[in-house]
Every structure is written in structure tokens, then in C-alpha cells.
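S.K.: Chain by chain, the residues:
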Amino acid sequence: MEKEIVTLNDGLEYVIVDEISSNGNVYVYLSNVDNPDKFCIRKKIYNNELHLLVGLDNDEEFDFALKLYSKNI
Amino acid sequence: MNNDDELNKRFEDNKRMVDAGNVDWLKQDFIDGVINGTKIDAQKMEVGDRRSYENYEAAKKASVGVEKVSHYAKRIIIDPKYQVRSKKIVATVFAGLSIAIAGGVLVTNTVDSYKLDDAVKDTVGYISASEHTIDAHDPANPGAYFYDTSAIARDIVNTDDFEDNVYGVYYRFKENRVNVEGSMDEVFSKCNLYTDEGYASFSDYLKSKGLVDENGNIDLDKYNAQAAMELMEREKGKAK
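Each protein sequence line maps, in turn, to chains C and B. If you're matching positions, the first sequence starts at 1 in this note's numbering and goes up one per residue. If you're matching positions, the second sequence starts at 1 in this note's numbering and goes up one per residue.
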């Protein structure tokens, strides 16, 4: 089984917990490898032939994405 | 324990906690409470809720901000115990393939999903559909979007790999999960602005390929399977 871990802009390693598509965005849910309480969300985008993870636009988008996730667990 | 073993263990511990819902603040009732405003009075919070609320605020701070950019470079760790199992799965899939071809049936699970994903995302169709997904910037509906179907049609209509590019567009729209057929119809309609040899609609395109069920309705499962297999066959041909 392949396991997926990414390093974010803070230099820390995160487990990819889930990916959910909604309204044209793909939200990536990440949990710090060493502390599951440390959780964050990114959007996956494709730019100049690179896949990037970028922060969310605002607090409302964070709540929106978090609700999508909490419904799934 | 080597580095990968160590990382494997940390990964397993983390996934077990989150998947089992053992991270209290991520539970739906708490999230709903925070978002609806019923759990935001810090003075009245119980200790557990206060800690959860702090985690929620920390996650928000760690998530919001378009300046937070990193490459989506996944570090893949192969757990050795799964390698043996995967060999057995491959053998089973090959056995299934022979039977399926004998019956004239398309088999989607014989396509290596990882390689397929890479191949589709390299198509002009997928890249164009991604580039021409436009954020509506609607505060009432964050993340709402629309497509520039004219631009997508222009990008794919005269390409040598038209079939693969149609599949690339379809794959991207399908990831978005919203109005896939309607959006595909619109792309085909716009293709007719650039060619005299187009199709009236996506349905028309699928019917011309015989991708219909016994009732004559278009069969998207068949299309997905056939387009994926054809794309992978062409990829193999290019690699030779």
C-alpha cells in the first residue's frame, strides 16, 4: 500500500487524510504526522504544469471545507 | 527501525486517530456548533470544548491565506507487507482480463489508476478544463465556479488527440462533480464554432461510438472504461 505524505510551507510533514471535490475545488485535508490535533486544509490547484497546495481564501471557505470533511467522518 | 519504518508507524498512528474520529474537535456536532455560533462563548465552555475550540482556531489560522503555497509533491512510502499482497492482486486482475475480453466486456479495474491519473492530467483537455475553471467569487457560495467552455473547445477541437482530450475534459469535470453532462454538452456545442465536422452534443458523440445501454441511453460507465483503456493503449504506444 502506498502512503502519502507531503511537506507543507511550514516545513512539517503531513499525512493526506482525505481529498474532497466540491464546487470546482479539490480540498486536501492534512494532519500533522506527529500530532493529529494539528490539522489544516489546502486547495489543490494546477498551475504552470505543477500541482500546488494553496491556502484557503478566507474563514468562510475554511468553515465550508471543514463541514464537508466532518460529514464524512 | 529505519526512517521509513519510523515514518510508517507515525503515519499509521495518525491515520488511526483521525479515521476513528478520535480527534474530538473534528466531530460533526462540534464543527456545526462552532460554525453556527453555539460554541463560541469561551467563558462558558467546558475544558474539553475549549481545547477543541483552540484546535479549530489553530487549524483555521494554519489553513487560511493564499500566500501559503507548497508543491504537491507526495512522498510515497511502500509498506513491504503490502508488496506481497499486491502481487497476488495483479495475478487476479490478469486472470479476470482474459475472461472479460473473451466476453467482449470492458474492464475498468485493469487500468492502473495511478498511471491513468498521470496520463489524463497531461492531456490538453484536462489542462484546459483546469485553467478555464473560473471562480465566481460569490461570498454567499464560496468555491462556486463556472467554465469558459468556448476556450476549452478552442483548445481541444483541432488537436491530434481529440479523443484523449475530450476524456481529459470529462475527467476534470467529473472531479468537480457538478453538471458533468451539461458542461460536456456545452463544450461540444462550442466546438462547432471551430469545425464543420463536430457533434451536436456529448450524447451525440457517445452514441456515434455505440456507447449506449440496452435501452439506447448513453452509458457513461462504458465511456469511462473505454476512453481510459484507449488512452493507456496510446500511452503505451508512445513509450515504445
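Hint data in this document are derived by calculation from the structure and do not stem from the laboratory. One or more of the hints may lead you astray.
Stated by the list, open to error - Heads up, simulated PhoX-like pairs for lysine-lysine below, C-alpha to C-alpha not over 25 Å straight-line:
id, chain 1, residue 1, chain 2, residue 2
1, C, Lys67, B, Lys15
2, C, Lys44, B, Lys238
3, C, Lys38, B, Lys68
4, B, Lys207, B, Lys238
5, C, Lys43, B, Lys121
6, B, Lys174, B, Lys207
7, C, Lys43, B, Lys61
8, C, Lys44, B, Lys115
9, B, Lys15, B, Lys61
10, B, Lys222, B, Lys121
11, B, Lys190, B, Lys207
12, B, Lys121, C, Lys71
Source: prediction; values computed, not measured.
S.K.: Next step is simple, just say for each hint if it's right about the structure.
M.R.: Consistency of the hints with the structure:
1. Lys67(C) - Lys15(B): holds, 19 Å
2. Lys44(C) - Lys238(B): The given pair, whose Cα atoms are some 29 Å apart, is violated under the 25 Å limit.
3. Lys38(C) - Lys68(B): holds, 16 Å
4. Lys207(B) - Lys238(B): violated, 28 Å
5. Lys43(C) - Lys121(B): holds, 17 Å
6. Lys174(B) - Lys207(B): holds, 19 Å
7. Lys43(C) - Lys61(B): Distance of about 15 Å is within 25 Å: holds.
8. Lys44(C) - Lys115(B): holds, 19 Å
9. Lys15(B) - Lys61(B): Holds, at about 22 Å.
10. Lys222(B) - Lys121(B): Holds, at roughly 20 Å.
11. Lys190(B) - Lys207(B): Distance of about 19 Å is within 25 Å: holds.
12. Lys121(B) - Lys71(C): Judged against 25 Å, a Cα distance of about 29 Å means the pair is violated.
Violated hints, in rising order: 2, 4 and 12; the structure is consistent with all others.
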